[in-house]
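2 protein chains.
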Amino acid sequence: MADSRTPRSAEGLGSSSPAPAVTRAAAVLDALAEAPSGRLTLSDLSRELGIPKSSTSNLLLALEEARLITREGADFSLGRKLVELGAAYLSRLDEVQEFYKFCEQAPTLSGETVRIAMIDGDHIIYLARYEGHPAVRLTSNIGDKMPLSLSAVGKVLLAQLHDHDIEAMFPDDVELPVMTPKSLRSAAELKAQVAAIRKQGYALEDEESTLGVVCLAVPVPTHGAHGPSLGLSVTALKATFSEEQAALMVKELKELAHSLGNPMG
Amino acid sequence: MADSRTPRSAEGLGSSSPAPAVTRAAAVLDALAEAPSGRLTLSDLSRELGIPKSSTSNLLLALEEARLITREGADFSLGRKLVELGAAYLSRLDEVQEFYKFCEQAPTLSGETVRIAMIDGDHIIYLARYEGHPAVRLTSNIGDKMPLSLSAVGKVLLAQLHDHDIEAMFPDDVELPVMTPKSLRSAAELKAQVAAIRKQGYALEDEESTLGVVCLAVPVPTHGAHGPSLGLSVTALKATFSEEQAALMVKELKELAHSLGNPMG
DNA sequence: AACGCTTGTTCAATCCACTGAACAACCACC
DNA sequence: GGTGGTTGTTCAGTGGATTGAACAAGCGTT
Chain A
0 MADSRTPRSA EGLGSSSPAP AVTRAAAVLD ALAEAPSGRL TLSDLSRELG IPKSSTSNLL
60 LALEEARLIT REGADFSLGR KLVELGAAYL SRLDEVQEFY KFCEQAPTLS GETVRIAMID
120 GDHIIYLARY EGHPAVRLTS NIGDKMPLSL SAVGKVLLAQ LHDHDIEAMF PDDVELPVMT
180 PKSLRSAAEL KAQVAAIRKQ GYALEDEEST LGVVCLAVPV PTHGAHGPSL GLSVTALKAT
240 FSEEQAALMV KELKELAHSL GNPMG
Chain B
0 MADSRTPRSA EGLGSSSPAP AVTRAAAVLD ALAEAPSGRL TLSDLSRELG IPKSSTSNLL
60 LALEEARLIT REGADFSLGR KLVELGAAYL SRLDEVQEFY KFCEQAPTLS GETVRIAMID
120 GDHIIYLARY EGHPAVRLTS NIGDKMPLSL SAVGKVLLAQ LHDHDIEAMF PDDVELPVMT
180 PKSLRSAAEL KAQVAAIRKQ GYALEDEEST LGVVCLAVPV PTHGAHGPSL GLSVTALKAT
240 FSEEQAALMV KELKELAHSL GNPMG
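Protein chains in written order, with numbering that gives the first Met the number 0: chain A, 0 to 264; chain B, 0 to 264.
In case anyone wonders, no lab produced these hints; they're calculated from the structure. Beta carbons: idealized from backbone N, C-alpha and C, even for Gly. Mixed in with the good hints, there may be bad ones.
[To be verified] Lysine-lysine pairs mimicking DSSO-like chemistry, simulated, CA-CA at most 27 Å apart: (1) A/K198 - A/K250; (2) A/K100 - A/K250; (3) B/K144 - A/K144; (4) B/K144 - B/K52; (5) A/K250 - A/K190; (6) B/K237 - A/K100; (7) B/K144 - B/K100; (8) A/K144 - B/K100; (9) B/K237 - A/K237; (10) A/K100 - B/K190; (11) B/K190 - B/K253; (12) A/K237 - A/K144; (13) B/K100 - B/K52; (14) A/K237 - A/K190; (15) A/K237 - A/K181.
[What the hints assert, rightly or not] Which residues of chain B face chain A? A partial, calculated answer using Cβ under 8 Å: (16) A20; (17) T22; (18) G37; (19) L41; (20) L62; (21) E64; (22) S76; (23) E83; (24) L84; (25) A86; (26) M117; (27) K144; (28) M145.
Make the full structure from the sequences, and use the hints.
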């Protein structure tokens, strides 16, 4: 097992899919998305996914025909249709539209950088971003992922889960990702914060992912079973960050969260 | 043919795919993306795509497992993973990063709404948007599509194609989509504009998609065979639009286009 | 409540997509 | 130019995915 590269087999071992070709095609997309250069050859994919070359070739042909991937010489990369489909997903989230509207006319938030995110496996994924302040331009984009423990939204969404789910995702000996000296190191620290977040109703991230930058986040209450829970966050420079400004931002974030949670206000 | 709903069969008739399951899965995604509500049931999909229910069920199971779609009760809709994949595609386009940087420090453009787009089949698709001017917020989002004939970028990208390709896409009797009284109506008009665009090097859209709004666009020269050609556009309100401002914007757009076309400028 | 008319799930038989080995083309290195 | 390692493509046999009919469960009407 440990003797060479680790082929993350497309199929999760015994669990045979009801439509293997589809599962494998999805694995191809994942592999392309995660490849540092974004380009892989047929052999790369075949090797990495443990799929025979001839089958891989067929998959790629079908994926290319569907414009889900593009071929450039011998290299394959993700296709534009994925942008289209991603956009279609986002356009269906009424929350996103309302999010923009609210931010524009909120007294404090309208000048800040606000984002809306969602849990996606063991990460959060950013769904939309409002930028009132060209001064602080974030490097992160819509669709980007972040570990739960490294962001205010991540922590606030984590706090919404049941304790046993949290325990399953973060056993006591888990190694947390670290991006700055202030990043949380242990599951214990994380759980302590979760407890605090539940009490105060919002989360703070203090330079844990980027030095000089702080974040505040609140959860959007899930109205019924309408889908996975959303979170909102404001990002600010630590240098220009005051207690009273924070209080205002949390207040407005909570208003926004409330209006997103109760569609018909 | 005309007697009832038109099942747009998943397979393009005789053309059997090398991996039918994948092709059909892609058709499912398309159908979900195009469905007005974004939600379809198993039977809906089975009927619309002409796939037996049992097979459709298998496809959906596999797609759900891959998180490409989500089930909510009996309804299926697109999954978050698509946002992720779309973002992965965009993050690989170096042009997008440079696009933002340039816009921020361009004297005129930095205050305007600028977009970068690409041809995608018979439409254009917006890849990124810079908003210097919260005053004019566009309703269109990243990933949105627009007919070629209705946008400045569409026309400018069309002008880059060979005449016989244009002819194939727009035969003389084609019916063009119309969104405002000023939208182009005939292929002849469109072709005349294409000729003009080739001479002057930029395209103008004068309230053809939205009344009160004008657009200027330039092509990004394709450096080698590096992929499909990109286009840039500025959007402005017709009311506040002057000749000399237009000249400045075209000048800066061309600079940007040049630096995108020659990566190491 | 019994009736159509939906819906989604089950299952064994069949057909076709997948496979693996053999192929041809390529590149890099001596 | 040979040689070893690639690469991607071809093709016939076979095993498993696909299928359609039969099933069960839901809903609105009469």
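A quick look at each hint next to the structure:
| no. | hint | result |
| --- | --- | --- |
| 1 | A/K198 - A/K250 | holds (15 Å) |
| 2 | A/K100 - A/K250 | holds (17 Å) |
| 3 | B/K144 - A/K144 | holds (25 Å) |
| 4 | B/K144 - B/K52 | violated (31 Å) |
| 5 | A/K250 - A/K190 | holds (24 Å) |
| 6 | B/K237 - A/K100 | holds (24 Å) |
| 7 | B/K144 - B/K100 | holds (24 Å) |
| 8 | A/K144 - B/K100 | holds (22 Å) |
| 9 | B/K237 - A/K237 | violated (41 Å) |
| 10 | A/K100 - B/K190 | violated (39 Å) |
| 11 | B/K190 - B/K253 | holds (23 Å) |
| 12 | A/K237 - A/K144 | holds (23 Å) |
| 13 | B/K100 - B/K52 | violated (50 Å) |
| 14 | A/K237 - A/K190 | holds (24 Å) |
| 15 | A/K237 - A/K181 | holds (13 Å) |
| 16 | A20 | holds (4 Å) |
| 17 | T22 | holds (5 Å) |
| 18 | G37 | holds (4 Å) |
| 19 | L41 | violated (13 Å) |
| 20 | L62 | holds (6 Å) |
| 21 | E64 | holds (7 Å) |
| 22 | S76 | holds (7 Å) |
| 23 | E83 | holds (6 Å) |
| 24 | L84 | holds (4 Å) |
| 25 | A86 | holds (2 Å) |
| 26 | M117 | holds (7 Å) |
| 27 | K144 | holds (7 Å) |
| 28 | M145 | violated (12 Å) |
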